[in-house]
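Colleague: Place chain G on chain V using the hints.
Those protein sequences? They're chains V and G, same order as listed.
Taking UniProt numbering, the leading residue of the first sequence gets 1, the next gets one more, and so forth.
Taking UniProt numbering, the leading residue of the second sequence gets 1, the next gets one more, and so forth.
Hints listed in this document are in silico derivations from the structure and should not be mistaken for laboratory results.
Some hints could be false.
Unchecked claim - Straight-line alpha carbon distances no greater than 20 Å define the calculated SDA-like cross-link-like pairs of lysine to any residue that follow:
id: 1; chain 1: G; residue 1: K387; chain 2: G; residue 2: K465
id: 2; chain 1: V; residue 1: K88; chain 2: G; residue 2: S89
id: 3; chain 1: G; residue 1: K25; chain 2: V; residue 2: D109
2 protein chains.
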Amino acid sequence: MSISSLYFPTEPAAPQVVSSSPGPKSQAAITALGNVFDSRAAYFVSDYEKSVGNYLVDVDGNTYLDVYAQIASIPLGYNNPALIEAAKSDKMIRAIVDRPALGNFPGKDSEEIIAEILKVAPKGQDKLWSGLSGADANELAFKAVFFWYQSKKRGYTTQFTAEENESVMKNQAPGSPDLAILSFERAFHGRLFASGSTTCSKPIHKLDLPSFNWPKAEFPSYKYPLDQNETENAAEDARCLSIVENLFNTWKVPIAGLLVEPIQSEGGDNHASKAFLQGLRDITLKHGALMIVDEVQTGVGATGKLWAHEHFDISPVPDLVTFSKKFQSAGYFFHDPELVPNFAYRQFNTWCGDPARMILAGAIGHEVVKHDLPAVAKRVGDYLYKKLEALQTKYPKYIRDLRGKDRATFIAWSLADVTARNKFLADMKTVGVNIGGCAEDSVRLRPTLVFEEKHADILVDAIDKILSGY
Amino acid sequence: MSISSLYFPTEPAAPQVVSSSPGPKSQAAITALGNVFDSRAAYFVSDYEKSVGNYLVDVDGNTYLDVYAQIASIPLGYNNPALIEAAKSDKMIRAIVDRPALGNFPGKDSEEIIAEILKVAPKGQDKLWSGLSGADANELAFKAVFFWYQSKKRGYTTQFTAEENESVMKNQAPGSPDLAILSFERAFHGRLFASGSTTCSKPIHKLDLPSFNWPKAEFPSYKYPLDQNETENAAEDARCLSIVENLFNTWKVPIAGLLVEPIQSEGGDNHASKAFLQGLRDITLKHGALMIVDEVQTGVGATGKLWAHEHFDISPVPDLVTFSKKFQSAGYFFHDPELVPNFAYRQFNTWCGDPARMILAGAIGHEVVKHDLPAVAKRVGDYLYKKLEALQTKYPKYIRDLRGKDRATFIAWSLADVTARNKFLADMKTVGVNIGGCAEDSVRLRPTLVFEEKHADILVDAIDKILSGY
Chain V
1 MSISSLYFPT EPAAPQVVSS SPGPKSQAAI TALGNVFDSR AAYFVSDYEK
51 SVGNYLVDVD GNTYLDVYAQ IASIPLGYNN PALIEAAKSD KMIRAIVDRP
101 ALGNFPGKDS EEIIAEILKV APKGQDKLWS GLSGADANEL AFKAVFFWYQ
151 SKKRGYTTQF TAEENESVMK NQAPGSPDLA ILSFERAFHG RLFASGSTTC
201 SKPIHKLDLP SFNWPKAEFP SYKYPLDQNE TENAAEDARC LSIVENLFNT
251 WKVPIAGLLV EPIQSEGGDN HASKAFLQGL RDITLKHGAL MIVDEVQTGV
301 GATGKLWAHE HFDISPVPDL VTFSKKFQSA GYFFHDPELV PNFAYRQFNT
351 WCGDPARMIL AGAIGHEVVK HDLPAVAKRV GDYLYKKLEA LQTKYPKYIR
401 DLRGKDRATF IAWSLADVTA RNKFLADMKT VGVNIGGCAE DSVRLRPTLV
451 FEEKHADILV DAIDKILSGY
Chain G
1 MSISSLYFPT EPAAPQVVSS SPGPKSQAAI TALGNVFDSR AAYFVSDYEK
51 SVGNYLVDVD GNTYLDVYAQ IASIPLGYNN PALIEAAKSD KMIRAIVDRP
101 ALGNFPGKDS EEIIAEILKV APKGQDKLWS GLSGADANEL AFKAVFFWYQ
151 SKKRGYTTQF TAEENESVMK NQAPGSPDLA ILSFERAFHG RLFASGSTTC
201 SKPIHKLDLP SFNWPKAEFP SYKYPLDQNE TENAAEDARC LSIVENLFNT
251 WKVPIAGLLV EPIQSEGGDN HASKAFLQGL RDITLKHGAL MIVDEVQTGV
301 GATGKLWAHE HFDISPVPDL VTFSKKFQSA GYFFHDPELV PNFAYRQFNT
351 WCGDPARMIL AGAIGHEVVK HDLPAVAKRV GDYLYKKLEA LQTKYPKYIR
401 DLRGKDRATF IAWSLADVTA RNKFLADMKT VGVNIGGCAE DSVRLRPTLV
451 FEEKHADILV DAIDKILSGY
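Okay, chain V solo, but in the shape it has when bound (with noise of 0.2 Å):
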């Protein structure tokens, strides 16, 4: 049987379309929560109490083939059962209750829940620090980088000297240091501060913030299809690598830390080569930084592979993975023992993360292991680029630079500007497809771990259907 057939034996079999969307109830909800919240964002009400597997329904009864995912992050379809009968247990009503504050008093599941998650940690990785946000995720990262590095700087095990105690209190250096992370151009790691500082995907992401005058670099810009284009596509690592190496040589303060995705997602799916990944990674060790692989979005199986950075065997290891969306929960692995502060209350807080979340991040990595869903999503994937690459011949003006093979269902594509793009995701809507965009003028695939190939066959209808009218 079919894994979304053994999820959800009520799983619709196809979208049903019954107003505009957003219809006449969404519209009415959204200026009812507009006086409470800002709504305007909102595409439509969605009635997760009846949406189920992949289908998501709406309030005005839509029921949309969703392949979004709630940006994204949905792993297991909508009212998974599994993460049902995880969200009933005893151990998740306590810890949603009785709220731990992780660090000082940890509960006596505590380490279970952490091993559980563990269990999917990417190759190598053997600890957690647990937050609450992608963009959480990577700012604890960066606290864990920059301790490390002025420990290193130190001698490790030296105590703080009166003048940094003092110094850091009026956020001045020696205490404060003038530290870098080293980001690239269309980069997205969040809309915090500092994590906002490491994004550079769209003004909107940033505008009117102050920020840290950090480094960007270039990210490689390949060209499709990649067989045909290889010799290119490695001078473009090369010239993408020199900056890089460049900026380590130059920038006004120390580069700390090197945060990169394996695929710039929000960015506009902007896939890194093998040669590109490892050449930073022995850029890193050449200039004594770390370097974190963000795997909020590519993570958790979508790729093909529990993490999308074991499709290139970087060596050494990354330092720091971090994730979030598909777990339903934050934080970044680590290896290295020097990456535990010289002190407790470094790395801390009052909650360090949810239990909740938690609890539901192990059981979502027990469903992926047992139905080795990375290898359905690659089967699925490979089916589904197959018929997209036919599309792509049939309507070349609005399938651009396909990209994803090998790549499970982590699929995207280019339109021809951001107007185009926008209406194509509209469209789709009025053939009952939930989809979403990346970049200006790119559409992404995100759908559940649990996508098939009769989704896959509904999705490639809609866009031929769509296309065939533009």
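Modeller: Just chain G, lined up with the frame of chain V:
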């Protein structure tokens, strides 16, 4: 029937100490947890299943009267039946397993969930934006402040300029302007990078981290008892207000917002007077800045009113009020429509909060109102404060500067130094009381809202017992 008896018919009658703290089982569990997580800050390992009401049980079987409540967060006692009911509800289970991207795809119950929280919003506040932790709440509030400040500067309706759109991608002005948030010495507002830049209570929170060089004013240090030092304390208010005024006039970059705790909690339970808070309000109005009141620790009834700043009738009401801890959810309240950014997707992220935690916050608020728990805290706090005054007379060396009169159970006092304080906190565990500190030399009481006279008696007897041995 008393509220604790109503909720917890099986609540223990007294603490029970069966081992050292941490006992052997806790020690083994802390060591094991250390293999996957930084467990060095753990005091002991809790058995939340066995904990009930005001009593926290550890894995060795010690039963502590808990007046620290997971760093001032547990609102209604361990395993509160009303919250268990909320945790078991279909609405909660859906919020756990179908976590929405709340900005893009709110659910049919989103408005109701938010409206329930707003029922206990501070006076005058009618909207909220949701986040995930106290630090996150403050940083989201900073974003709202900076958006507002720049929008006002450019005349609200104007689009961004090409120069702004380009410079922001390089983290440079004018798109990323140099603006500041003013906070206070000894303040605690969180430990991410921007919130950390406003925090100024202990070096360990900030060492080795880059920061924004934002201004810190002095927070009043009053002489106790307050009613015998009114003239001197009024002069202290005036002195500190003039420092704030001077910073607004002279700081090298514009100050867009002022951030203040009504009672600096982590920083030592430093209370602000009505005159000081109103003075701050007046200065923000004069200088065209916004006032953020951080009620992360003081909010939701603990000081005898729903929100601590409501003791002071600040006029006009603060622009933004941040919350977390006792609400088990986080975010900020506001009322001015101009604090809604001029475009969608400016205050935005994937999840925009966690409806599971928001449902719990609504359930907490419902119980707080239904049983008028701020009044309970006031009644019990007055009872407790009198007993502590008597102990202060008996042990003036160990109970200094008793603080929190008329602030319900939000009570603190100082000892001679960090050594004396830490010894006291550890000794209290030997008689079955879990109690916390603040600043270097202070003890803070942060019991639940269902802490009553019978618990206060046990606490006072325990303090008396320990101090009588000194």
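Colleague: The structure should be examined with respect to each hint, and the outcome stated for every one.
Modeller: These are the hints, each one checked on the structure:
1. Our distance criterion of 20 Å between C-alpha atoms is met by K387 (chain G) and K465 (chain G), whose separation comes to about 14 Å.
2. Of the pairs offered as hints, the one joining K88 (chain V) and S89 (chain G) holds, with about 9 Å between alpha carbons and a cut-off of 20 Å not exceeded.
3. Using a Cα cut-off of 20 Å, the hinted pair K25 (chain G) and D109 (chain V) holds, with the two alpha carbons roughly 13 Å apart.
The structure meets every hint from the earlier list without exception.
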